[in-house]
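> Chain by chain, the residues:
Number of protein chains: 2
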Amino acid sequence: MRFFEDQIRKVTPYTPGEQPKMQDVIKLNTNENPYPPAPGVAEALNNMEADTLRLYPDPTASKLVGAIADYYHVEPSRVFVGVGSDDVIAMSFLTFFNSDKPILFPDISYSFYEVWADAFRIPYHKIPLTETFQIDPRDYNADCGGVIFPNPNAPTGVALAADQVEQIVRNNQNTVVIVDEAYIDFGGESVLSLTEKYENLLVVQTFSKSRQMAGMRIGFAIGSEKLIKYLSDMKYSFNSYTMNRPSIEAGAAAIADDGYFRGMCAKIISTREWAKKEFRKRGFEFADSKANFIFVRHKSAQARELFTKLRGKNIFVRYFDQPRIDNYLRVTVGTEEQMEKLFTALDEILAEQ
Amino acid sequence: MRFFEDQIRKVTPYTPGEQPKMQDVIKLNTNENPYPPAPGVAEALNNMEADTLRLYPDPTASKLVGAIADYYHVEPSRVFVGVGSDDVIAMSFLTFFNSDKPILFPDISYSFYEVWADAFRIPYHKIPLTETFQIDPRDYNADCGGVIFPNPNAPTGVALAADQVEQIVRNNQNTVVIVDEAYIDFGGESVLSLTEKYENLLVVQTFSKSRQMAGMRIGFAIGSEKLIKYLSDMKYSFNSYTMNRPSIEAGAAAIADDGYFRGMCAKIISTREWAKKEFRKRGFEFADSKANFIFVRHKSAQARELFTKLRGKNIFVRYFDQPRIDNYLRVTVGTEEQMEKLFTALDEILAEQ
Numbered sequence: 199m200r201f202f203e204d205q206i207r208k209v210t211p212y213t214p215g216e217q218p219k220m221q222d223v224i225k226l227n228t229n230e231n232p233y234p235p236a237p238g239v240a241e242a243l244n245n246m247e248a249d250t251l252r253l254y255p256d257p258t259a260s261k262l263v264g265a266i267a268d269y270y271h272v273e274p275s276r277v278f279v280g281v282g283s284d285d286v287i288a289m290s291f292l293t294f295f296n297s298d299k300p301i302l303f304p305d306i307s308y309s310f311y312e313v314w315a316d317a318f319r320i321p322y323h324k325i326p327l328t329e330t331f332q333i334d335p336r337d338y339n340a341d342c343g344g345v346i347f348p349n350p351n352a353p354t355g356v357a358l359a360a361d362q363v364e365q366i367v368r369n370n371q372n373t374v375v376i377v378d379e380a381y382i383d384f385g386g387e388s389v390l391s392l393t394e395k396y397e398n399l400l401v402v403q404t405f406s407k408s409r410q411m412a413g414m415r416i417g418f419a420i421g422s423e424k425l426i427k428y429l430s431d432m433k434y435s436f437n438s439y440t441m442n443r444p445s446i447e448a449g450a451a452a453i454a455d456d457g458y459f460r461g462m463c464a465k466i467i468s469t470r471e472w473a474k475k476e477f478r479k480r481g482f483e484f485a486d487s488k489a490n491f492i493f494v495r496h497k498s499a500q501a502r503e504l505f506t507k508l509r510g511k512n513i514f515v516r517y518f519d520q521p522r523i524d525n526y527l528r529v530t531v532g533t534e535e536q537m538e539k540l541f542t543a544l545d546e547i548l549a550e551q
Numbered sequence: 199m200r201f202f203e204d205q206i207r208k209v210t211p212y213t214p215g216e217q218p219k220m221q222d223v224i225k226l227n228t229n230e231n232p233y234p235p236a237p238g239v240a241e242a243l244n245n246m247e248a249d250t251l252r253l254y255p256d257p258t259a260s261k262l263v264g265a266i267a268d269y270y271h272v273e274p275s276r277v278f279v280g281v282g283s284d285d286v287i288a289m290s291f292l293t294f295f296n297s298d299k300p301i302l303f304p305d306i307s308y309s310f311y312e313v314w315a316d317a318f319r320i321p322y323h324k325i326p327l328t329e330t331f332q333i334d335p336r337d338y339n340a341d342c343g344g345v346i347f348p349n350p351n352a353p354t355g356v357a358l359a360a361d362q363v364e365q366i367v368r369n370n371q372n373t374v375v376i377v378d379e380a381y382i383d384f385g386g387e388s389v390l391s392l393t394e395k396y397e398n399l400l401v402v403q404t405f406s407k408s409r410q411m412a413g414m415r416i417g418f419a420i421g422s423e424k425l426i427k428y429l430s431d432m433k434y435s436f437n438s439y440t441m442n443r444p445s446i447e448a449g450a451a452a453i454a455d456d457g458y459f460r461g462m463c464a465k466i467i468s469t470r471e472w473a474k475k476e477f478r479k480r481g482f483e484f485a486d487s488k489a490n491f492i493f494v495r496h497k498s499a500q501a502r503e504l505f506t507k508l509r510g511k512n513i514f515v516r517y518f519d520q521p522r523i524d525n526y527l528r529v530t531v532g533t534e535e536q537m538e539k540l541f542t543a544l545d546e547i548l549a550e551q
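Heads up: the protein sequence lines correspond to chains A and B, in order. To convert a position in the first sequence, counted from 1, into our numbering, add 198. To convert a position in the second sequence, counted from 1, into our numbering, add 198.
Because the hints were derived from the structure by calculation, they are not lab data. All figures in this text were calculated on a predicted structure; none of them were measured in a lab. Any given hint might turn out to be false.
The list cannot tell twin chains apart, which means a pair is met if one copy fits it or any two copies do.
[What the hints assert, rightly or not] Listed next, the in silico DSSO-like pairs over lysine-lysine satisfying Cα-Cα at most 30 Å (straight line):
| # | residue 1 | residue 2 |
| --- | --- | --- |
| 1 | K208 | K261 |
| 2 | K225 | K261 |
| 3 | K497 | K208 |
| 4 | K427 | K324 |
| 5 | K507 | K497 |
| 6 | K511 | K261 |
| 7 | K395 | K208 |
| 8 | K395 | K324 |
| 9 | K465 | K539 |
| 10 | K424 | K208 |
| 11 | K507 | K395 |
| 12 | K219 | K424 |
| 13 | K324 | K208 |
| 14 | K261 | K219 |
Please model the complete structure; the sequences and the hints are all you need to start from.
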């Protein structure tokens, strides 16, 4: 190793879900939305004049921030936007989790939390979920450097009721509590409105799932004016212009079409509920999901084997080789047609067992 | 102050140049390119299917990385892309400047370096430019935690010859040396080819200036495979999907049109050289610029006053209220027509003195 390497900050990077480049795969592995973005998005992109790209974007992304603020009935000064919720949460870790005390998050959760904590040298303590994959709010009453958890949780899909989330926020008013609501629009109870009551609460959401725009990289946070100000200061210290012109235009267009948004969420919820029955019929077990995925375990077939055999049939689901969940598959809710193909494939695979 | 605020990481954010929202201003304040992106960029954006936005982008941005690698004749494994060169450099600070020894950069330079160092708690030492605003390579022979400087330097526009850059790289082989070549395409000597010889050299460039795409946020670094691997690990620890689909498509289209790129750079260089004469005629002094801006001081008129009066005429230039340079204006090279309007305005203002 060369000497200059000694001082390099080394990290174990997060491994994103596979993005297969072949056509004709059924992609149920990264929780994308199976439906296209709202029609206004295509229009916004087609109407963009490429000439304007020579100019920097608005560093405050005010068109997008304003659209989000209007939609959620909050002041624009309480909205922060970033390059996907990963960017928003990474900035939040850097800004808010700056104590010597450990931050707390569930042991089974979004695996990026651990990666960020490691990268930024933030001490952390993982709180085990209960046997049934529940977050128990009483486990989060510790003297800590901050709290973060997804609601609904990933990859379990299990949702925490708003009053239980509030219990965690209320018991940790000396630190910042981040509720990662990436999947909230598929049936969970959002605590957005609690950001008026608790200055230490930051709620993060994303356009990647319920707004069909994973490819555009838009995430946002809503919190007290105070938290958003600190977060913006950090963002402006990092990169003044994070949101490019297409993302500002397309993001604003996406949020403008509430009917489309609600309709598509309802469709996914309905497919999910039907899929739960189909999974159950075939001997799968799962905690109840309020997300756009279901985290399933078969009563006899091994998850890893199912994963590999599905992949052989060009159906991609997600498998985590981790303690406690290494016999589970996380299956994104696709279109009904995609799910039917999945169940046909599972029938074939299970028949061979 | 509430208790949770104690542990928040507080920073003094960078103040970006104004982005006036009015029409009909002459914007010579943020070093944007006055010409539109290559025609292929509009085509790439118009041909994008909005439906694909529902899917995550390729996390490796391989289409864009491949286009850059081809263009500069390097292996794709030696190319890193980010959301503007600010993102690339911020990630580089976090990754490479991880020592207790101070990093070195010029006292008059891109003001973000200091902001990143502060935000990431990296010790630094600012090396004064010479009286004539030159970087003296001998000043960088210290036991340090890393080196960064722009070439040409900003906001001075002064370029360092490749052999002098090499001297700095050679004398600091125990640390990483970052050469920020944001403005290199306007006449400086790039040290890209030295990345084959020096494993500790990282060269950063951007699509924001010479490739007319400030609004798309694309920057890149080329270095040894080793450096790029460490940088990518950090990036994947921060945000797996930084480049959105439009930026990958438009970026690849921009770099494909070499004729357009060269033609537009030549046009700006020619306007700059003519503008130098015009400035000189009017009593302005400046170090020779190899960038798309000129850093000027008038022999009698005060910079701050000129700045304000130009602004009153809807002409925006950049003024820095900082020691050593508070009587200078940084003027971006616009179209000939814009520069003619600038000179007419300056004539009016100077006649009133």
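> State for each hint whether it applies.
Right, here's what the structure says about each hint:
For the identical chains of this complex, K208 and K261 are inter-copy neighbours only, at 27 Å across copies versus 38 Å inside a copy, given an alpha-carbon limit of 30 Å. For the identical chains of this complex, K225 and K261 are inter-copy neighbours only, at 21 Å across copies versus 32 Å inside a copy, given an alpha-carbon limit of 30 Å. In the homo-oligomer, the alpha carbons of K497 and K208 never lie at most 30 Å apart, since the shortest distance is 41 Å inside one protomer and 51 Å across protomers. For a Cα distance limit of 30 Å, the shortest separation of K427 from K324 qualifies both inside one copy, at 29 Å, and across copies, at 29 Å.
Proximity of K507 and K497 under a CA criterion of 30 Å is satisfied intra-copy only: 17 Å inside one chain copy versus 77 Å between copies. In this homomeric assembly, K511 and K261 come within 30 Å of each other (Cα to Cα) only across copies, at 27 Å, whereas the closest approach inside a single copy is 44 Å. Proximity of K395 and K208 under a CA criterion of 30 Å is satisfied inter-copy only: 23 Å between copies versus 40 Å inside one chain copy. In this assembly of identical chains, the alpha carbons of K395 and K324 lie at most 30 Å apart only when taken from the same copy (27 Å versus 45 Å across copies).
Proximity of K465 and K539 under a CA criterion of 30 Å is satisfied intra-copy only: 18 Å inside one chain copy versus 57 Å between copies. Proximity of K424 and K208 under a CA criterion of 30 Å is satisfied inter-copy only: 12 Å between copies versus 33 Å inside one chain copy. Taking the shortest Cα distances, K507 and K395 never come within 30 Å of each other, neither inside one copy (49 Å) nor across copies (47 Å). Only between protomers do K219 and K424 lie at most 30 Å apart by alpha-carbon distance; the minimum there is 26 Å, versus 43 Å within a single protomer.
In this assembly of identical chains, the alpha carbons of K324 and K208 lie at most 30 Å apart whether taken from the same copy (22 Å) or from different copies (26 Å). With identical chains, the CA atoms of K261 and K219 are at most 30 Å apart between copies only, with a shortest distance of 12 Å across copies and 34 Å within one.
Checked against the numbered hints given earlier, this structure breaks hints 3 and 11; the rest are met.
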